[in-house]
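Build the full structure now, drawing on both the sequences and the hints.
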Amino acid sequence: MYNLNILLLVPILTLAGIMFVKDARNARVVAAIGMSVQLVLVFVLLYMYLAERNAGNMEEVLFYQDITWYESLKISYTIGVDGIAVGLIVLTGIVIFAGVFASWLMKDLVKEFFFWLILLATGVFGFFISLDLFIMFVFFELAVIPMYLLIGIWGTGPKEYSAMKLTLMLMGASAILLVGILGIYFNSAPDGGAMTFNIIEISKVNIPIAAQRFFFPMVFIGFGVISALFPFHTWSPDGHASAPTAVSMLHAGVLMKLGGYGVLKVAIYLLPEAAGEMATFFLIFVAIGVIYGALSAVMQRDLKYINAYSSVSHVGLILFGLLMLTKTALDGAVLQMISHGLITALFFALIGMIYGRTHTRMVNEMRGLMKVMPFLSVAYVIAGLASLGLPGLSGFVAELAIFVGAFSHPEPFYRVITVIAVSSIVVAAVYILRVVAKMLMEGVKDESYNDLTDARWHEKLSVISLLLFIAAIGLAPLWLSDMIMSSLEPIIMRLN
Amino acid sequence: MSAFAITFYMGSALMLIFAIMSVTSRKLLRAAIYLLFVLIGVAVFYLVSDYMFLAAVQIVVYMGGIVVLIIFSILLTSHLGEKLQVVKPVTFVIAALVSLIGAGIALSVISAHTFNPVAADGPETTVAVIGTQLLSYGKYGYVLPFEVISILLLAAMVAAIAIAKREKKPES
Amino acid sequence: MENYQYTIWILILPFAAFLFTGILSGKLKPSLTATISIGAIGIATALSYLAAIQYFFLNASESYTAVEAASFTWYRLSDTLVIDMGILIDPISVMMLVVISTVSFMVHIYSTGYMKGDDGYARYFTFLSLFSFAMLGLVLATNLIQIYVFWELVGLSSYLLIGHYYQKPSAVAAAKKAFIVTRFADLGFLIGILMLSYYTGTFSFSDITNPDGPLITQTIGGTFLGLSTLTWAMILVFMGGAGKSAMFPFHIWLPDAMEGPTPISALIHAATMVVAGVYLVARMFTVYSLAAPEALEVIAFIGAFTSLFAALIAITQTDIKKILAYSTISQIGYMMMALGVSGYSGEAGLGFTASMFHLFTHAFFKALLFLGAGSIIHAVHSNEMKDMGGLRKHLPATHITFLIATLAISGIPPFSGFFSKDEILAAAYASNKLYFAVEYLVAGLTAFYMFRLYFNVFWGKKRTYENIHESPASMTIPLWILAFGAAFAGFLPFSHLVTTDGIPFDTHFHLTIAIASVAIALTGIFIAAALYRKESTRSQKIAATLGVFYTVTKEKFYVDEIYLFITKKIIFNLISKSIAWFDRHIVDGFMNLTGNTTVAASFRIRKFQSGNIHQYALVFLTGVLIATLVYLYYYPK
Amino acid sequence: MIEDIPLSHILIVSTLIFFIGVYGFMTRKNMISMLISVELVLNAVNINFVAINRYLYPERLEGHFFTLFVIGIAAAEAAVAIAIFINLYRNIRSIDVDEVTEMKY
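Sequence order for the protein chains is A, B, C and D. Each residue of the first sequence is one higher than the last, beginning at 1 in the working numbering. Each residue of the second sequence is one higher than the last, beginning at 1 in the working numbering. Each residue of the third sequence is one higher than the last, beginning at 1 in the working numbering. Each residue of the fourth sequence is one higher than the last, beginning at 1 in the working numbering.
It is worth saying that the hints were derived from the structure and are not from the lab. All values derive from a computational prediction rather than experimental measurement. Where hints are given, some of them may not hold.
No farther apart than 20 Å at their CA atoms in a straight line, the calculated lysine to aspartate or glutamate pairs in the DMTMM-like style are these [claimed, not checked]:
1) C/LYS168 <-> A/GLU447
2) B/LYS88 <-> D/ASP96
3) C/LYS27 <-> A/ASP454
4) C/LYS168 <-> A/ASP23
5) B/LYS165 <-> D/GLU77
6) B/LYS27 <-> D/ASP98
7) B/LYS88 <-> D/GLU99
8) A/LYS107 <-> A/ASP23
9) B/LYS139 <-> D/GLU59
10) A/LYS371 <-> C/ASP119
11) A/LYS159 <-> C/ASP588
12) B/LYS83 <-> D/ASP98
13) A/LYS371 <-> C/ASP118
14) B/LYS139 <-> D/GLU62
15) B/LYS83 <-> D/GLU99
16) C/LYS607 <-> D/ASP98
17) C/LYS534 <-> C/GLU297
18) C/LYS577 <-> A/ASP302
19) C/LYS168 <-> A/ASP446
Set out below in structure tokens:
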């Protein structure tokens, strides 16, 4: 039996360790050790989970624990994981591991930086293991708020503006979300009896349809904003552009997935009838976002902006898959969460490393990096290929499942909109290859670039750890998709 | 009309006049002195109401304490003969208007209300009685307000010292 | 049941070579990388031949049936929709195995000489292994998704290899263009797959192309613009094939792709990858033929049009690789057209057989032409015909092999091209006289432009070259081997091996058509000889008299410019830029406006908290008075 | 003695003093004179307390004690206020309310 609390305990111990180190430089060592341990634990979790499932344990969630925290409001510290959560926890473990090594050379306020970074990760881990809406919300906020400091203090460019914009928009969404969650809570006992925040409990009752109609948009938009739902995506380009490397990685890689996970586990799972009714409406916005993000990325010059818009497009595909409400599409959406998390984290890590050397992020100011830093360039190309959906890398399997699932929807309208969304992959090829061609290829433009060095050991570690999983998922997707698929069963049951 | 009544009305009229002068005088020191006269009037009122102790407190604390404090501070913060700045004329008008309306409302309420005075002799207001009641915790005992005000006074004292204390200039 | 288990190694070996040399890149010696790659593809070639012999000649039964040699579940999309990775052995896949492994093996060997001393020597061989793996996987695919997966992978290796000289801007641009154009076409392919899988609930070829399967026997889906949904799906699938096979209007990437090293042009852009589109159509031929004949008509039309179009452009080009590229486009158009006019089963399926036959022979002679061109370029360090002339003395081996290939492509008996082209013309003649006329004309044009190239390079004006020498043996040996194939591949009894339904049939030799086609080929050759054998100005004069026609053909009918206009001007500048602007100014502007309004409102509200005590007192007192009045009004007494 | 005077007359006087104080508070800029006005207001209230106590509830001493406390608080208030004034004057050489803007916003 696996105790999920350990996933919170290790980051908290790491936080304590960071606080107590004398030499600020050692904070990174503590963080690295802590997150390495966490990575191992995450894989132990994955192994234990699969072992339990293979042993025939078909509980909806495994490793369940329920500790009453606040009796009169029925808030309890309820934790447990299903296949979806395990997949995303693995993602988080990898990304934070890579993130710590990507910010190895951080110079200012090292201790504080790693403290907030690990705190953010703690929030994410807590979010994924919690099964109680209230606790989930608390962890959600815990993950969002350090972002303000991390961008505002360690960012670049107009960092205060970006941090403020990001925080305000996410907080605004949180406010809506909170109303939605409370709405679910107050309707969690339609036939009398005790109201509850427990997701598993709520999933057993049918919330009145009128309440569902009212609260579904709130929960969807509340979670959607952090997943860059059009037209509430504008925090994303500015926020990512200003954020330091590891924060961009974690934010685009993991935090944006909180939205998708929340939509799936709260909005769709708990409010299935309203999801069915309103999916078409939101699908229009999501499909616009997919194409719109891709087309916007084509015209950007700043690497981080390109990536941020590309994230809008790719994370849009997550919401797109989720709203299709078919099993295959949901499976694809979850895979896309994991896949995009890895790919975009890799992208931001590489951009940070390149920026650290050339001191510019403008595509047209760089040229011929392939010659001077082959490792980073090759990794960038692979990340790009994964992002444009090349088979053999993780992006393809996720997008394929989304498209096949979306296309198998009986409504013709859904198929038309799928065709529109599919065309984003061509645009993706355009903006990615444009960057590869302009930035990496051809001869070196600036003579001083010839003196630049390739990746150091910690950068290689960071990049390779991400690359490995992108390739692993792309080459052998079956175990992951089966794990997710079996956990989607209860949701599908609710939808029908 | 008894002589007392005549004295009372004339005294009241004087109080009002001094009150008006104290809020309109352009010379600060004079305003303080006019206030003093008003306070004396109030003390006399306490006296005729048979509240000897209160009258004494009024004289000691108000006139002996507060007014002296005010005068000191006036001397510390302004030059003699300096005329006070005035606010904008429109403020005068508004303030007068608001005051008059307020007074009108209050007076109309007072005139509309009939009071039924009770003609009974109250308890003696000797210092001993007051002291006992002040420290009693039975019925009509005021030990709680007494304690509260003690703490308030202490806090005020500390605050006053802390505020008025001259800060040491940092050595540059 | 025969055992084809070993065919799995045909895929594993090149992939292992790719992974091994790729991960250890920089650690291995370049020559070791090359050795590993060549070893892997060599064994794969041997296994391919083994499979071909076993399948075609050791087969006891009358007809050839498809065999799934291996299969494992790769990915599960739903309980019923499963994606396998497997190996499908049937006539066309075995035939393709032979073609791919042979040409690839030859190119590997050739490249050791051609690429010697290149900076990216090891990288080149690593990518070659990747390409071999992907291409072999493509032809062995058992289902649509598998073929799509490898489809993309060959696209990727093509991209990587075109961009081999990544320091050269034109190569980078060409690689990008190739990838994006084919990617756009693949979009159609993917949507076609989605549609097919939606209607059939499977990706597997054995289910989809089963003549008794539900897809073919039942009418499914509605109609759209007068064509059935299935037809649209098949047209979209063909769109993917057209992209890879550089059919009009997706042909624009192929000539640019000549920026890659010449052996790559031979392997990828002449013999194997570009015929993947033809292979795809052949793979799905049952569906096309039985259930979506309208789609087949589209294919025939586009094939015929492209072959003429490209042949016309080829006449005016001066870069030898570009001429060969347009020639390739034209020849693939041939194959497409042949598929398009073919019927199903028996002799009606001649077009199909002819198309496959031509694919087979074309792979040999076109690879040979490119490798020969590579040998020439290796010697004179230029792609332009004006820098060449009279090379037959300097490069004897190249000259002879090149001549064989040229004769083969022109359709002169007994070289291989003659037989396959003859069958195509016969199939066209039997089906549609207009297509026959077009293809007949194209046959003449082909002979003309090929001999124009040949004479210009090997005859024509005498020039002196600095230290020119014949290519090393590593390059000439593959030339001779391929020349052998180009010369004699035509004698294979193809209709006994590769047919639409696996049942062999006998072809009749169409003497009239054969004579006519040889006649027009010879005409083309004679005109070319007259114009270019000796140095003369006659050709320029003719060009001048043709005037605007000449210019338009030389400028490739301005297709590139049209594309550039659509992408740069309309999509990038008009749509993308305005969306980017819209995002920054309208959407984000709205968000900022919300923020700014809040700030402005707070500045306004702040006035109430002015710190002006008089105002406070006034407001307070007014409030008290109003409250009092209200109280008095409601509770008088 | 005092019984000859009707209660309402006393209340009228106190009301007038009260509003005179209010008027002064609103028209004065100098903080000390504002403090003077406040003292007037407080005294008006005190008169009310005492008068009502004396006339209506002579058997108790609530008004009396309230007045006592008010006086005490007034003393404390005046002490703190004047401490502030003096400190302000030291720092900005003025005790006009309009001049004290340092800690605004």
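Hints and how they fare:
no. : hint                  : in the structure
1   : C/LYS168 <-> A/GLU447 : holds (17 Å)
2   : B/LYS88 <-> D/ASP96   : holds (14 Å)
3   : C/LYS27 <-> A/ASP454  : holds (16 Å)
4   : C/LYS168 <-> A/ASP23  : violated (49 Å)
5   : B/LYS165 <-> D/GLU77  : holds (17 Å)
6   : B/LYS27 <-> D/ASP98   : holds (19 Å)
7   : B/LYS88 <-> D/GLU99   : holds (15 Å)
8   : A/LYS107 <-> A/ASP23  : holds (13 Å)
9   : B/LYS139 <-> D/GLU59  : holds (13 Å)
10  : A/LYS371 <-> C/ASP119 : holds (11 Å)
11  : A/LYS159 <-> C/ASP588 : holds (16 Å)
12  : B/LYS83 <-> D/ASP98   : holds (17 Å)
13  : A/LYS371 <-> C/ASP118 : holds (14 Å)
14  : B/LYS139 <-> D/GLU62  : holds (11 Å)
15  : B/LYS83 <-> D/GLU99   : holds (17 Å)
16  : C/LYS607 <-> D/ASP98  : holds (15 Å)
17  : C/LYS534 <-> C/GLU297 : violated (44 Å)
18  : C/LYS577 <-> A/ASP302 : holds (15 Å)
19  : C/LYS168 <-> A/ASP446 : holds (16 Å)
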